[in-house]
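Q: Here is what each chain is made of, one letter per residue.
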Amino acid sequence: MEKTKQWGWSPQWRKCCRGRKRKNTLHPHKERQHLPVAAEQNRQRWLFAVYKPPGVAWNRVRDAVETRLLRELNAAPAWPPRSRIRFLPAASAGPPGLVAVRVPVLAEHRLVRGPRFTQLKIGAGHRLDVKASGVFVLGVGHGNKILSHLYNCHLSKVYTVRGQFGKATKDFSDTGKLIEKTTFDHITREKLERILAVIQGTNHKALLMHSNIDMKTQEAYELAVKGLIRPMGKSPPIITAIRCLQFALPEFQLEIHCLHETQQYLRKIVHEIGLELKSSAVCTQVRRTRDGVFTLDDALLRTQWNLQSIQNAILNCQLRVKTEIEKTMSHWDGTCAPGGTSTSPLG
Amino acid sequence: VGTALSITSAACGYGFTLLSSDTTDITKVWGTGLNKDSQLGFQRSIRDRTKGYEYVLEPSPIPLPLEEPQKTRVLQVSCGRAHSLILTDSEGVFTMGNNSYGQCGRKVVEDEVYSESHLIHQLNDFDSRVVQVVCGQDHSLFRTKKGAVFACGWGADGQTGLGHYNITSVPTKLGGDIAGVNIIQVSSYGDCCLAVSDEGDLFGWGNSEYLQLASVTETTQVNVPRHLPFKIGKIKEAACGGTGNIVLTEEGSVFVWGYGILGKGPNLTETAVPEMIPPSLFGWSDFSPDVRVARVRCGLSHFAALTNRGELFVWGKNLRGCLGIGRMEDQYFPWRVTIPGEVVDVACGVDHMVSMVKSFM
Numbered sequence: 001m002e003k004t005k006q007w008g009w010s011p012q013w014r015k016c017c018r019g020r021k022r023k024n025t026l027h028p029h030k031e032r033q034h035l036p037v038a039a040e041q042n043r044q045r046w047l048f049a050v051y052k053p054p055g056v057a058w059n060r061v062r063d064a065v066e067t068r069l070l071r072e073l074n075a076a077p078a079w080p081p082r083s084r085i086r087f088l089p090a091a092s093a094g095p096p097g098l099v100a101v102r103v104p105v106l107a108e109h110r111l112v113r114g115p116r117f118t119q120l121k122i123g124a125g126h127r128l129d130v131k132a133s134g135v136f137v138l139g140v141g142h143g144n145k146i147l148s149h150l151y152n153c154h155l156s157k158v159y160t161v162r163g164q165f166g167k168a169t170k171d172f173s174d175t176g177k178l179i180e181k182t183t184f185d186h187i188t189r190e191k192l193e194r195i196l197a198v199i200q201g202t203n204h205k206a207l208l209m210h211s212n213i214d215m216k217t218q219e220a221y222e223l224a225v226k227g228l229i230r231p232m233g234k235s236p237p238i239i240t241a242i243r244c245l246q247f248a249l250p251e252f253q254l255e256i257h258c259l260h261e262t263q264q265y266l267r268k269i270v271h272e273i274g275l276e277l278k279s280s281a282v283c284t285q286v287r288r289t290r291d292g293v294f295t296l297d298d299a300l301l302r303t304q305w306n307l308q309s310i311q312n313a314i315l316n317c318q319l320r321v322k323t324e325i326e327k328t329m330s331h332w333d334g335t336c337a338p339g340g341t342s343t344s345p346l347g
Numbered sequence: 001v002g003t004a005l006s007i008t009s010a011a012c013g014y015g016f017t018l019l020s021s022d023t024t025d026i027t028k029v030w031g032t033g034l035n036k037d038s039q040l041g042f043q044r045s046i047r048d049r050t051k052g053y054e055y056v057l058e059p060s061p062i063p064l065p066l067e068e069p070q071k072t073r074v075l076q077v078s079c080g081r082a083h084s085l086i087l088t089d090s091e092g093v094f095t096m097g098n099n100s101y102g103q104c105g106r107k108v109v110e111d112e113v114y115s116e117s118h119l120i121h122q123l124n125d126f127d128s129r130v131v132q133v134v135c136g137q138d139h140s141l142f143r144t145k146k147g148a149v150f151a152c153g154w155g156a157d158g159q160t161g162l163g164h165y166n167i168t169s170v171p172t173k174l175g176g177d178i179a180g181v182n183i184i185q186v187s188s189y190g191d192c193c194l195a196v197s198d199e200g201d202l203f204g205w206g207n208s209e210y211l212q213l214a215s216v217t218e219t220t221q222v223n224v225p226r227h228l229p230f231k232i233g234k235i236k237e238a239a240c241g242g243t244g245n246i247v248l249t250e251e252g253s254v255f256v257w258g259y260g261i262l263g264k265g266p267n268l269t270e271t272a273v274p275e276m277i278p279p280s281l282f283g284w285s286d287f288s289p290d291v292r293v294a295r296v297r298c299g300l301s302h303f304a305a306l307t308n309r310g311e312l313f314v315w316g317k318n319l320r321g322c323l324g325i326g327r328m329e330d331q332y333f334p335w336r337v338t339i340p341g342e343v344v345d346v347a348c349g350v351d352h353m354v355s356m357v358k359s360f361m
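These protein sequence lines are chains A and B, in that order. No gaps in the numbering here: position 185 of the first sequence is 185 in UniProt numbering, and each next residue is one more. No gaps in the numbering here: position 9 of the second sequence is 9 in UniProt numbering, and each next residue is one more.
Just so you know, the hints here were simulated from the structure itself, not pulled from any lab data. Take the hints with a grain of salt, since some may be wrong.
Straight-line C-alpha distance at most 25 Å; calculated DSS-like pairs for lysine-lysine [what the hints assert, rightly or not]:
#, chain 1, residue 1, chain 2, residue 2
1, B, K36, A, K191
2, B, K107, B, K36
3, B, K173, B, K107
4, B, K234, B, K145
5, B, K317, A, K216
6, B, K145, A, K205
7, A, K268, A, K234
8, A, K226, B, K317
9, A, K278, B, K173
From the derived model, a few chain B residues whose C-beta atoms are all more than 10 Å from chain A [said to hold, decoys possible]:
#, residue
10, D25
11, S115
12, R129
13, K146
14, G147
15, K264
16, N267
17, E270
18, P278
19, S285
20, D330
21, I339
22, G341
23, D345
Please read these numbers as outputs of a predicted model, since none were measured by experiment. Every residue gets a Cβ at the ideal spot worked out from N, C-alpha and C, and that includes glycine.
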């Protein structure tokens with residue numbers, strides 16, 4: 001056979017690998033994977049939430065979870081290796097000829113093949129920036145497709161934001177470059193409430209405008225009953241509810257329910273509240289307490305990033321995620337969904 | 001108002017508002033709005049000391065002829081089309097305004113001129129202390145501590161409930177299905193009246209042209225209180241509007257019936273049987289399952305509901321923006337009003353609303 005170069009992007013190499021990449025099977029020369037492995041992968045089809053600590057980028061968290069999971073999956077006891085009959089030459093002491101001997105198949109030994117799992121597809125939901133912390137949704141395997149459906153549901157997220165009056169910085173947080181300092185003795189809780197009511201009122205109007213529904217129709221009533229009046233496409237950040245939890249000058253804590261936002265937008269809101277109150281404010285903490293159906297109780301701490309707790313978390317959340325997606329999608333399926341997809345999400 | 005007092009009761013009439021505080025100061029009641037029939041008492045004009053104002057543009061104190069002005073407290077105020085009632089704790093009920101149908105509880109005087117009148121009538125002759133006063137369009141209802149209901153005023157729609165369609169100028173006790181029943185709440189704003197007993201039963205009388213009482217009778221005017229046998233549970237509070245009625249049950253469910261914008265979308269315009277409004281419209285959800293409606297109020301063509309979280313939801317016809325939702329269109333289902341505080345009580349009028357709000361502290 002003539003020697004053809006099979007490496008790089010030559011057509012022969014691509015033909016050899018094309019089928020493997022598409023059908024997600026192993027290279028034809030390697031052994032097929034065992035059934036128990038496939039069963040474990042079948043179980044990890046859905047979503048779970050993790051508590052992202054502040055000061056860490058979100059992709060590092062995702063990588064850390066992936067590494068831990070891989071380590072635990074590979075440490076699980078493997079099936080005993082297969083054995084086959086080989087005809088080996090007889091021992092020197094007996095009659096000459098071939099003797100049938102049962103030997104283990106070395107090609108399947110862990111040290112020969114390498115670890116069973118080298119990569120897990122873990123996708124991340126709504127991202128959190130470095131300074132923020134809180135509920136961070138991850139999806140394993142098939143859960144990635146569910147993640148995109150959850151994104152199209154446009155569920156609201158809840159944040160607790162802590163702020164401090166008296167300072168204004170360049171990036172609206174307390175670690176940025178200081179620009180100005182102001183007094184804040186004149187600020188009362190009542191004034192803060194008034195500002196929050198104004199913010200809520202304007203965002204309420206924006207919510208209606210971007211949802212593109214006419215309030216006079218029966219459809220609008222039905223959507224409101226189900227709680228589905230929200231923008232189903234791209235829209236600027238909208239705050240659906242905001243209230244003050246604690247107020248102790250100079251610090252205050254707000255609870256914000258919002259859609260399509262970024263954490264920097266929330267910090268900017270704190271800065272603008274400070275400006276409205278004729279003072280200045282910086283944001284000291286942004287913490288996501290709920291992301292769609294995942295609350296703080298469902299989020300796993302770093303000590304819990306192991307296989308067992310992740311599996312338990314997935315099982316706990318499965319039903320909730322399914323009902324939420326069905327509730328939203330069943331309304332928009334069949335009708336012209338403004339901006340969202342209309343494929344059936346659950347396979 | 002300009003004082004540090006807290007307003008305890010407010011009422012909206014047809015173009016005017018009354019605010020009252022339960023203080024022992026001399027000034028207990030303020031009024032603003034139309035005063036063409038002296039429904040706000042005599043407001044002395046600054047320019048001409050003999051004349052009074054026909055339109056009061058800011059809350060002005062209403063002088064009351066009290067025997068002990070520094071001891072008596074004003075418990076509640078109520079306003080009708082052109083008359084008002086003020087309830088005190090020890091000196092009975094004071095009425096002022098238009099009396100062409102006897103709604104002020106005094107004898108009708110022919111060709112009486114009501115504007116710039118100093119007359120404030122005092123009513124004290126009931127079987128026990130009056131605990132609630134309610135004004136309909138041109139009639140008045142008084143509920144006493146013993147659970148009896150008295151009425152006076154116009155009766156052409158049977159809204160006095162006394163068995164006839166004439167006017168009554170002296171408060172008379174009602175009979176019918178509520179005789180002997182301990183009534184804990186009465187409500188009226190137009191020409192229909194509702195009463196709730198302590199056992200959770202509902203009684204209605206008055207105008208029924210809009211199917212408000214069509215579940216018990218086909219006639220359009222009912223002049224004797226009739227029991228309304230709705231199987232919706234024990235009723236806690238009822239409110240009557242011009243064409244629609246709303247009740248709140250013990251479990252916190254809200255039911256509406258009648259005609260007009262009832263709160264279940266533009267398709268439901270009239271029904272004789274109460275329909276429930278889904279609690280998810282009032283903020284109830286899986287994440288906050290303890291949100292319940294605490295109070296319901298009714299204006300002439302709009303409704304208001306207060307939840308236990310202090311949130312105000314309004315729906316109905318939006319005359320001149322009275323709903324306060326930021327838009328001028330009618331609202332066909334309950335919509336939240338953004339208010340910087342916790343709403344304690346709400347009073348609905350024809351085309352304006354007053355809400356008493358407590359700051360969050």
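Q: All the hints need checking, so say for each whether the structure fits it.
A: Hint check results:
no., hint, result
1, B:K36 / A:K191, "38 Å, violated"
2, B:K107 / B:K36, "20 Å, holds"
3, B:K173 / B:K107, "17 Å, holds"
4, B:K234 / B:K145, "21 Å, holds"
5, B:K317 / A:K216, "12 Å, holds"
6, B:K145 / A:K205, "46 Å, violated"
7, A:K268 / A:K234, "20 Å, holds"
8, A:K226 / B:K317, "23 Å, holds"
9, A:K278 / B:K173, "60 Å, violated"
10, D25, "24 Å, holds"
11, S115, "40 Å, holds"
12, R129, "37 Å, holds"
13, K146, "43 Å, holds"
14, G147, "38 Å, holds"
15, K264, "7 Å, violated"
16, N267, "5 Å, violated"
17, E270, "15 Å, holds"
18, P278, "5 Å, violated"
19, S285, "6 Å, violated"
20, D330, "7 Å, violated"
21, I339, "6 Å, violated"
22, G341, "6 Å, violated"
23, D345, "18 Å, holds"
Violated hints, in rising order: 1, 6, 9, 15, 16, 18, 19, 20, 21, 22; the structure is consistent with all others.
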